[in-house]
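*Asks:* In order, the protein sequence lines correspond to chains D and V.
Note that my numbering numbers the first sequence so that position 10 is 10, with each residue one more than the last.
Note that my numbering numbers the second sequence so that position 320 is 320, with each residue one more than the last.
Some hints here could point you the wrong way.
[Unchecked claim] Quick list of the computed label-pair ranges, beta carbon to beta carbon:
1. V:L269 x D:D145: 23 to 31 Å
2. V:Y312 x D:K90: 32 to 40 Å
3. V:Y272 x D:S79: 39 to 47 Å
[Stated by the list, open to error] Covered by chain V, per the in silico footprint, the following chain D stretches (three or more residues, Cβ under 8 Å):
4. 40 to 46
5. 49 to 57
6. 69 to 78
Keep in mind the hints are simulated off the structure, nothing from the lab.
Idealized CB from N, CA, C, for every residue including glycine.
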Amino acid sequence: MNRLYADINACGLLLALALTVCCSYAFADNDNHVEDVVIVVHQDNPTQKMTRSQVIDLFMGKYVAFPNGNKAIAVDLASEQVAKQIFYQKLVGRSLASVNAYWSRIRFTGRAKPPIEKSSSEGMVSYIAGNKNAIGYIPESMLTDNLKIVYRFNE
Amino acid sequence: MLLKPIVILLLLISTGSTANDNIQLSAFGTIGLVVSDSERLAYRRDVSYHQGVLADELDILNHSLFGVQLDASLTADLDFVGQVVLRDVAKSEFKQYLTLSFLRYSPTANWQIRIGRTAPDIFLHSASRDIGVAYTWAVPPNEVYSILPFRTVDGVDVSYSIPFNEGIIRTKFFTGQADTVVSSIAGPVSLDVKDIYGLIVNYSGVDWSFQAQHTQATIASESEGNQQLIDAVAQLPEFIWPGAAAFSQHLIAKGKTPKYSSISAQGYLGRYLLSAELSYISSSDSELIPTIVSGYASLAYMMGAHTFYGVYSFTDTDPYMFTEPGVQQQLIPELITGVTVLNSFYTSSQQTQSLGWRWDISANISSSLQWNHSHIDDMGGTLWLNNSGDFSTDTINIVMFSVSFTL
Chain D
1 MNRLYADINA CGLLLALALT VCCSYAFADN DNHVEDVVIV VHQDNPTQKM TRSQVIDLFM
61 GKYVAFPNGN KAIAVDLASE QVAKQIFYQK LVGRSLASVN AYWSRIRFTG RAKPPIEKSS
121 SEGMVSYIAG NKNAIGYIPE SMLTDNLKIV YRFNE
Chain V
1 MLLKPIVILL LLISTGSTAN DNIQLSAFGT IGLVVSDSER LAYRRDVSYH QGVLADELDI
61 LNHSLFGVQL DASLTADLDF VGQVVLRDVA KSEFKQYLTL SFLRYSPTAN WQIRIGRTAP
121 DIFLHSASRD IGVAYTWAVP PNEVYSILPF RTVDGVDVSY SIPFNEGIIR TKFFTGQADT
181 VVSSIAGPVS LDVKDIYGLI VNYSGVDWSF QAQHTQATIA SESEGNQQLI DAVAQLPEFI
241 WPGAAAFSQH LIAKGKTPKY SSISAQGYLG RYLLSAELSY ISSSDSELIP TIVSGYASLA
301 YMMGAHTFYG VYSFTDTDPY MFTEPGVQQQ LIPELITGVT VLNSFYTSSQ QTQSLGWRWD
361 ISANISSSLQ WNHSHIDDMG GTLWLNNSGD FSTDTINIVM FSVSFTL
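Using the sequences plus the hints, can you model the full thing?
*Replies:* In structure tokens, the structure reads:
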């Protein structure tokens, strides 16, 4: 019986190690292009530039509008993707756990409508390309002719 | 019986089967354990709850819950939010579990109107106090929040938000009615309030927030036990209690207007999170609702996924003393006790020092371990259940452990 427990423990350890290694590679791979994540809207959206404060208000559900006052549709990535982690770290300096705690307070008290969630950056690009009021964040390398940048973190 | 729909909902949420641009299904929950070293005053989450925790007991019912929420966009400006929270409650009725059910109309980014059942914004955390991942502590400070039995308001609210300097000013007016339960050792009794009017002004930036709020309401019900006491006092002859009929009118809760006010601030300073709130409950037309001053100050230090915090919280109320002149107290000891207990129901007076550790296990799972060291003043134990008949001062240690999640 002890041997069986030892085997199970060993398998568990190996599995945890494998997952850790896989995750590390995922971070390294994604880090190369999430460093230059940019905030984008549809090419026909009249907004040209936004300030960091305006982007924060919009993605934190405080004031979900473009600078001209038009309502915006914030688009977020689902789950704990690396691009999402880096976006919020750069935007508000907080971890995803802290951002989730903040949004739990907003969402589950019904104070504001949560952002639309997309499972991938490709999905986000596709959604914004088809919606003039949408705003999201993508790696700059994924920019298409239908989109334009309204905010860069390194400016 | 509830397990099957819960499992189906969890599967839907986890697989994203309902996820499209117009419908979002989400969930939150807490598994909370409480132990105490008190053999006299039983810990409970708030005055609505009827089950207390004494020494040598392990409680899992006070803070454990599971909530499911549906967000449905009907048009670009109109959406519906519905939420059901399953937990142990004093009175098991569907309306106790339905915590949100409203239509929201947002014609512009500035304006928002909600009609239906919403969460009560009486103090800073009163709307979010059941959402474990939302705050640093294991539970929001009992001294401020446990006196509030309300979980819902049925009515209308209007919010207006506008950018100002580096922040957003948000004002909200709400009105409606509410029904809840208040529990004592005699058991739970219904409490209905109507004509609720509330105003909130909030100014917040990225890392800081200031809020002031005021609410008043009119009590719309009288419990059967109170009514019996009122009638018994009113019928006493003058030689036993001079002016008994007039005094009995002071015991009537129905029609009285409690007022709730609060100012609060919180902000991040590097790795530190500071928050403080001062609240004030009073009623100018009723001695049943005394002036209650409560507050807390909290300091948290964040180290990666771990947050260590300390809280000092207090609530202070002058105890009720029966001092009516000329009353033959030896002839009616039970009535005197009844009047004293009734007038002492909201006399909450205690101080607590808390130390705790929160661990963000992942982005949507956190655990909290918290130790509360509370000193309860004479006749000040309203927040606890006391079946001993001894209302003297006490010192109690409580340890809470909770795991909270969102899906």
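*Asks:* Looking back at the numbered hints, which does the structure fail to meet, lowest number first?
*Replies:* 1, 3, 4
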